[in-house]
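> In order, the protein sequence lines correspond to chains A and B.
Residue 1 is where the first sequence starts when you use the working numbering, and the numbers rise one by one after that.
Residue 1 is where the second sequence starts when you use the working numbering, and the numbers rise one by one after that.
Hints are not guaranteed to be accurate.
[What the hints assert, rightly or not] Facing chain A, according to a computed beta carbon distance under 8 Å, are these residues of chain B, among others:
1) Met1
2) Arg153
3) Val296
[Claimed, not checked] Cβ-Cβ distance ranges computed for the label pairs, FRET-style:
4) A:Thr32 / B:Pro294: 30 to 40 Å
5) A:Gly5 / B:Glu318: 54 to 64 Å
6) B:Pro321 / A:Ala346: 34 to 44 Å
[Stated by the list, open to error] Quick look at which bits of chain B chain A covers, simulated, 3 or more residues with Cβ under 8 Å:
7) 83-95
8) 323-335
It should be emphasised that the hints constitute simulated quantities derived from the structure, not laboratory data.
Note that beta-carbon positions come from the ideal geometry of N, C-alpha and C, so glycine has one too.
Number of protein chains: 2
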Amino acid sequence: MRVSGAHYRTIWPTSTGAVRVIDQSRLPFEFTTVDLETLDDAASAIRAMVVRGAPLIGATAAYGLALAARRDASDARLDEAAQTLQATRPTAHNLVWALERMRRALAAVPEAERAEAAYAEAARLCDEDAERCRSIGLEGLELIRRRAESAARPVNVLTHCNAGWLACVDWGTALAPVYAAHDAGIAVHVWVDETRPRNQGAALTAFELAAHGVPHTVIADNLGGHLMQRGRVDLVIVGSDRTTAAGDVCNKVGTYLKALAARDNDVPFYAALPASTIDWTLDRGEDIPIEERPAVELTHVTGRTAGGATETVRVVPETSPALNLAFDVTPARLVTALITERGICAASRTGLRSLYPDRPMPRSIAAARP
Amino acid sequence: MRVSGAHYRTIWPTSTGAVRVIDQSRLPFEFTTVDLETLDDAASAIRAMVVRGAPLIGATAAYGLALAARRDASDARLDEAAQTLQATRPTAHNLVWALERMRRALAAVPEAERAEAAYAEAARLCDEDAERCRSIGLEGLELIRRRAESAARPVNVLTHCNAGWLACVDWGTALAPVYAAHDAGIAVHVWVDETRPRNQGAALTAFELAAHGVPHTVIADNLGGHLMQRGRVDLVIVGSDRTTAAGDVCNKVGTYLKALAARDNDVPFYAALPASTIDWTLDRGEDIPIEERPAVELTHVTGRTAGGATETVRVVPETSPALNLAFDVTPARLVTALITERGICAASRTGLRSLYPDRPMPRSIAAARP
C-alpha cells in the first residue's frame, strides 16, 4: 500500500540480507523502518510489537529463521531458533504455521544451501500472503458492493484493532475489502475502534486509512454498541489471530463484545482471514492460549505532546493493580461468515470444509463424526 | 467516605457561603478541593466535569441555584439560573430533578428569605442523597452476601465508569453495595473498567476503592466479555444517568456492551440508582438525549509523567476525525434488576410501579394501558 505516494510492504529483505520492517511502535507519529540482522532481532521485534498482526508475525518468523540460517543452518540450531520464535507470542496461529512451513521446506536441503533456500521460501511466503490478502479483499468487496446498492449513503464498516496492511505483508485482512471497495469507487466510511490498551486502531488503522484516503472516524471501544443500536453500522469486519476448525474466532480483546452487539442489532459480523490463521488441530475456541501482556500497556499511555515530543504518562494510580489479557474468542454462532482467500463460508466445520476439503481434520472432530 | 483517614463528602458549603467540591479532574494523582462562589462557577464545574456523576451533578445544580439566589433571588434571575444549569449537560436526569425540586421549594418563599432557604434545601437534598445511597448499599449488600455464601473465593463484581461516592454526595450507587459488603467482612473484588475516553474507572473508581481498601483490578473496557466467558465475574453493577419509567438504563457509553456479555454468560446485571435518576416522563430509552462531548477527550490523554508532572499527549493522528458520544442505553430486557433505595425490582414498568406507586405515570404509558 502507499505511504506519502510510495509503495510499501511491511517487511522486505535488504541487499545485505538484513530484514527491513516498518517500526509500528512509532506509528502514527513517526514512519520509520528498522533492520533486523539476527534471529534475536526478529524475536525481539515480534515480542515488543515493532511488528504485529497475525500474518506479519508469521512473515517475520519466517525471515527470522532465515536470519538464523545464515549464521548456522544445522538442524539443532534451526530447532532452537524455531523454539525461540514460537515462544515470542502464544496466540497468533500464523506463527506456528510459518515456522512449520519453513522447517518443512528446509528439511531436505543440504546445510550449505539452507540460508539461500530460507530467504527464498520466506519471500515466497510473503508474496503468497500478499496475494491471499488481495483475494480476501476481492471476496469481501462483493459484500460491501451489495450493501452499497441498497444504501443512499456511504457504507459504514466498523473494525476493531488493526487488521489492515500493517498487520500483514500488504493489503490486510479485515481492511482489504475496504480498500478494494474504496478503489472501486464505492463510498465507504470506517468506524475505527481505538482498541485499548495498545491503541492499534487509533495508531495504526487510522494511520493507514488516512494514508490511503479512506474516510474514517476514530471512536472509543465503548461506542460501537450504541452506533449499532442507532443504525449507524452496516457491517462489522475484523481480523483473526487464530480461527478454530469449527469457526470460533480468536482476535484482539473486545472483538467478542462487538460480535454480541452486532447480533443484537442484526448487523452482519465478518472475520476476514487467510487459511494460515486457521488452526486445524483445534475445534474449541476455549482451548486457544490467551496471551497476558505487561500491565504497563494499560496503566501507561504513550503519545505526542503539544511540543512534538514523545511522552509516556501514567493513567492508573500506583495503588491499583491492572490485568492485561490481549485476546478473546468470539464463538462461531456469533459470526455471520468468514471471508477467506478461497471465498466466503459459514463459520462452522461444514463451512470451512467446503472451502478447504484438502486439510486434515482435528482428531476430536473426526472422532465426533458418525 | 474516607480519604487518608478523614471523612469526606464530595460537596459541602463553607462558612462563607461558598460551595466546596473535590476537583475530580485532578484525580487520581492530586486530591484537592475547589470553591464555587457563583452560579457560573457551578455551571462551569459541571460542564468541565470537575464534578460529575448523575447524583452529584444534581447536588451541584441545587447549590448552584443557592449561589445564584444569594446575589439575586428574583423569579426572573432564578429562572435564568436554572436554565444555565440545565444546559450544562443533557443526559443526567438528576439535574432536571434537582432544579425542579429547588424551584418548587423556593416558589412560595419571600424573595428576601430565598437565599437562606435555598442553602437549607440544597443541604437537605444532599443529606437525602447520601441516605438514599446508603439504603441502595444495604439493599445491594444482600445480593453480594447471597453470592458469597455459595462461593469459595471473593465475589467478583464488574463495574463500568464511576458510580461510587465520588459520583454522589457519599456512598455511591453501584459501589454502595460493594462498600457495604466489604465493611460487613464479605470478601469482594472489583473489576474496574478503565472507561474510555474519560477514564473515570481508572482515575476515580480505582482511586476510591484503593482509598477504602477494597481489592480491585483495573482492566481495559474490552476485557469484561472475556472475563465473563471464563467465569471470572459473578455480578455486574453499574450506575445510571437516567432510567426510563419502563426500566431502560442510560449510563456511560459501553455499559450496553457489558449488559450483552452478562446476558450471554448468565451473569446477573444490575443498575443501582436513586429515584431521582428515574425519568417518569419517558418510557423509551431511545428518547433520552445522548451527550456529544469534545473529540479531544478521545484524541488526547492526560496523565502523570515519570517525573511527576501532569502532561497531555495526543494518541490519535491529526489526520483522523474522532466522535465522542458519552452515553448509551441498555434496554430493560438486559437488566436483571434495579437496585433502588426502596428495594430491588424488575427493570420494567410493573417493577418500578411496585416500589414507586406514588409517582405520576408518563402519558404514553398511561395511554397504552387498557
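> In terms of beta carbon proximity below 8 Å, does the region 83-95 of chain B have 3 or more residues touching chain A?
violated (count 0)
> Within 30 to 40 Å or not, the Cβ separation of A:Thr32 and B:Pro294?
31 Å, holds
> Hold the hint about B:Arg153 up to the distance rule: shortest CB distance to chain A must be less than 8 Å.
16 Å, violated
> Given the hint of 34 to 44 Å, is the C-beta distance from B:Pro321 to A:Ala346 inside that range or not?
With a Cβ separation near 36 Å, B:Pro321 and A:Ala346 satisfy 34 to 44 Å, so the hint holds.
> Go ahead and decide if the range 54 to 64 Å is satisfied by the Cβ distance of A:Gly5 to B:Glu318.
Taking Cβ atoms as reference, A:Gly5 and B:Glu318 lie about 19 Å apart, which means the hint is violated.
> May I ask you to test the interface hint for B:Met1 with respect to chain A, counting a Cβ-Cβ separation under 8 Å as satisfied?
15 Å, violated
> Within the assertion that chain A covers the region 323-335 of chain B, do at least three residues meet a Cβ-to-Cβ distance smaller than 8 Å?
holds (count 6)
> Is the interface hint for B:Val296 satisfied, with its Cβ closer than 8 Å to some Cβ of chain A?
12 Å, violated
Hint check: violations occur at hints 1, 2, 3, 5 and 7; the rest are consistent with the structure.
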